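Enquirer: If you want the building blocks of each chain, they are given just below.
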Amino acid sequence: MSVQKPEELSKIDYKPPKTSWMDTPTVIKKGMFCWGAKEKSLKATGMPNVRAWSVADEDWKLPENWKEIFLEGLKERLSKYRSFQLFLDICVRCGACADKCHFFIGGGDPKNMPVLRAELLRSIYRKYFTTPGKILGKIAGGRELDVSVLKELWYYTYQCTECRRCSLFCPYGIDTAEVTILVRELINLLGLNIEWIAGPVANCWRTGNHMGLLPHTLKDTVDSFQEELKNLTGINVNCSFNRKGAEILFVNPSGEYFDPNGNITFMGYMVLFHELGLDVTLSTYTSEGGNFGFFTSNEMAKRLHSKIYAEAKRLKVKWILGGECGHMWRVWHQYHNTWFGPVDFLEEPVSPITGTKFENAKSNKIVHICEFTSDLIKHGKIKLDPGRNDNYIVTFHDSCNVSRGMGMLEEPRYIIKNVCNNFYEMPANTIRENTFCCGSGSGLNASENMEMRLRGALPRANALKYVREKFGVNTLANICQIDRAALQSLADYWVPGVAIRGVHELVGNALVMKGEKDRTTDLRGDPLPGKEAQ
Amino acid sequence: MSFGLSFWISLLAVAGLVLVAYVGVEAAHLGYLFGVIIPYAAFAIFVLGIIYRVLFWAARPVPFRIPTTAGQQKSLPWIKQNKIDNPSSALGVAVRMAFEVLLFRSLFRNTRSELQSGPRLAYASSKWLWIAALAFHYSFLIILLRHLRLFTEPVLPLVKSLETLDAFFQVGAPLLYLTDIVLIGAVTYLFLRRVLIPMMRYISLPADYFPLFLILGIGISGVLMRYFFKVDVIGIKELTMGLISFNPVIPEGIGVLFYIHLFLVSTLFAYFPFSKLTHMTGVFLSPTRNIANNNRAEQHVNPWNYPVKVHTYEEYEEEFKEFMKDAGIPVEKE
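Going line by line, the protein sequences match chains P and H. Letter by letter, the first sequence follows residues 18 to 551 of my numbering. Letter by letter, the second sequence follows residues 486 to 819 of my numbering.
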């Protein structure tokens, strides 16, 4: 799909249309939406309204009583989520959130202002569920739900990456992600998911991972990594699948088996675990930490992730270690313990290397790899040569979910500072809790919506450009597989010359292993600083 | 609904309220209705309405622990936690909420983004909304407290101190209250930004203009009464003391301006529980702010958590057993 040049795309008109938003019909623009869910993907997980349909068609083949289904679903969710009810009731439209959304900043579409995105649903809520709205209609800010309104909701709910940046600035903590999550649930009652989400969900349901990798493929992939690592380091790195009695179950996003950037991050974990002699196993059954079910419905999210604890129980491990992923950690951190707790068949996590008790994870028994590794470094348990990363001038991109849905800000930075000599922060308004989304989160990292992704990535890319020009930054480190897969093409477009790297790739590069051969390359096979001639 | 329509409907609604009070008291002599019955009713609606609202929200469960974390989490002992913006304890949550409710902490974060040529995005700190919001809410609160003078005899010492403080500059006769100016100034600012900033105008509804006009009307009628068209203060106090002691009386000759003011205030009270103004109580219940971020350390229980359909390991192995065996991956059933 052809996309305008950066100079063209960044000419953004923030002027709202002359007609009021309720009277401005939404045009579904190519490049700004993802293809609709395929019949087989909906069928695989038993989703409603299984049929072939296309977003481009006038007729979306909705069920006869679609309006009733939608409104009943809305009513049910209002009674089940205080957040939802409250967020629909108390917005004062102060506008503080308006220019905090990356899609609005990069696109200028007023319906991408978080406040207005939520008003799209609020107006329906008022019309059907509040007395003033029922009586006064438009004057009370209500509007009828019809097919064009439903399509508008669909269009904009898949232009929200649930990054929660708006919720940080809202004086009442109104979280658009919460609204988007539940609108997506309603939309899914009508079979209107997008294929980029429904496909991975179907895969994950059957094969244990989004990519649809079968057990032997996973094994082959990891074998090839082992071979690669043998060549690079001279060491036979151990790795096991579905091994009973291991101390730790390691679960990571399956994109790491598939995406070239993710591959190297995974190799970073492998060398680290090997060097530590960690008693850890992978599982083919639970070969996915990410959760596109979370972008479908909370029920689907729970359906996909129940396997993680089930597998931990079956393999009789003591605790679970999780890899680098963004939304996976929002789900693991804020939802898992509620869905699956009490997790009394596992033990409170203790690092077998340092003896550190991970008190903050004592109940759900899941530790983030960055918590684990920073603890190792703090205790001096691994030998690191940061000079091996000297070709990298690094900045760090906080993933939305990990920063605003968890607050893990220092751990990855501590690791990077110990494995790299050149580290520079992007401007303060764009990092830590203020971080900008990559523009492709929440299951929107497809290719048919490239214009939307590029627009959404503008704020992140722009901050990156700033440090590139000021400090010569050429590497963006991150702890999210969607970032690694999606940001590379977005960076190439806005800030050519920046490589996207997982933090544990940098760890793997710097890790000095016992008995390794004279290293000339990093984990990518690129020459180490000073070894270029060889 | 267009900006023009939203604006005029709201303005006319408030103007209509003024007219209703004027005609009702001046022409129809319904002093008792406007001075006693409506204020009682409005106050009752306010109290019951707010209680209903809060109970309505509180009756809805908080299925998941979803705080917006705005700082470093509690993790390893040597990493400094941001205990306020990312609280892990009840105390931390209390402090976070106090900052939010009393100082509008989140609004304080506000920035303004600007796209410059290049393209270059710049973010400037933008505190005007925060300042205006603080100015508005606190001047409103002080004015409300000052009005306790009308409902206490002898007047509470707190009220007297507030009055002295509020008239700090000792100008004018009667003494000019700072909060009168601040309130009207802040409401005017909030109104102007709503109509002058294109995006604000675009998102605004009648429900945004109406309360602004209403509060402005209350402020202006109050100011007119105090500084310009003197009303019978003794008579007003007689009326208000009558209200508070449930012995309502309508003294003669208070002046219609008072009734207009009182009717607008009554409208605000009655309107409050059914409008966006309920953010006053709603903010306390906001799940992204009022719960601790200790989800992995303590289980949060969802009262409607239910079992879901899962794809079991047995089903998985059943389908892929041969592949697994060929690849040397252990299986349960050989």
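Think of the hints as simulated: they come from the structure by calculation, not from any bench. Keep in mind that the hints are not guaranteed to be accurate.
[Claimed, not checked] As a list, the in silico DSSO-like pairs of lysine-lysine whose alpha-carbon atoms are at most 30 Å apart:
| # | chain 1 | residue 1 | chain 2 | residue 2 |
| --- | --- | --- | --- | --- |
| 1 | P | K400 | P | K434 |
| 2 | H | K761 | P | K395 |
| 3 | P | K151 | P | K47 |
| 4 | P | K57 | H | K761 |
| 5 | P | K531 | P | K374 |
| 6 | H | K810 | P | K35 |
| 7 | P | K398 | H | K568 |
Source: prediction; values computed, not measured.
Enquirer: Just to be careful, I want the Cα atoms of K531(P) and K374(P) compared with a cutoff of 30 Å; is the pair within it?
Expert: 26 Å, holds
Enquirer: Holds or violated: are the alpha carbons of K400(P) and K434(P) at most 30 Å from each other?
Expert: 14 Å, holds
Enquirer: Please work out if K761(H) and K395(P) have their alpha carbons no farther apart than 30 Å.
Expert: 50 Å, violated
Enquirer: Please verify whether K57(P) and K761(H) have alpha carbons no more than 30 Å apart.
Expert: 44 Å, violated
Enquirer: Is K810(H) within 30 Å of K35(P), Cα to Cα?
Expert: 66 Å, violated
Enquirer: With the threshold set at 30 Å, check whether the alpha-carbon distance from K151(P) to K47(P) stays at or below it.
Expert: Measuring from Cα to Cα gives roughly 36 Å; hence the hint is violated.
Enquirer: K398(P) and K568(H) were given as a pair; does the straight-line alpha-carbon distance stay at or below 30 Å?
Expert: Distance ~29 Å between K398(P) and K568(H) Cα, so the pair holds.
Of the numbered hints stated above, those contradicted by the structure are hints 2, 3, 4 and 6, listed in ascending order.
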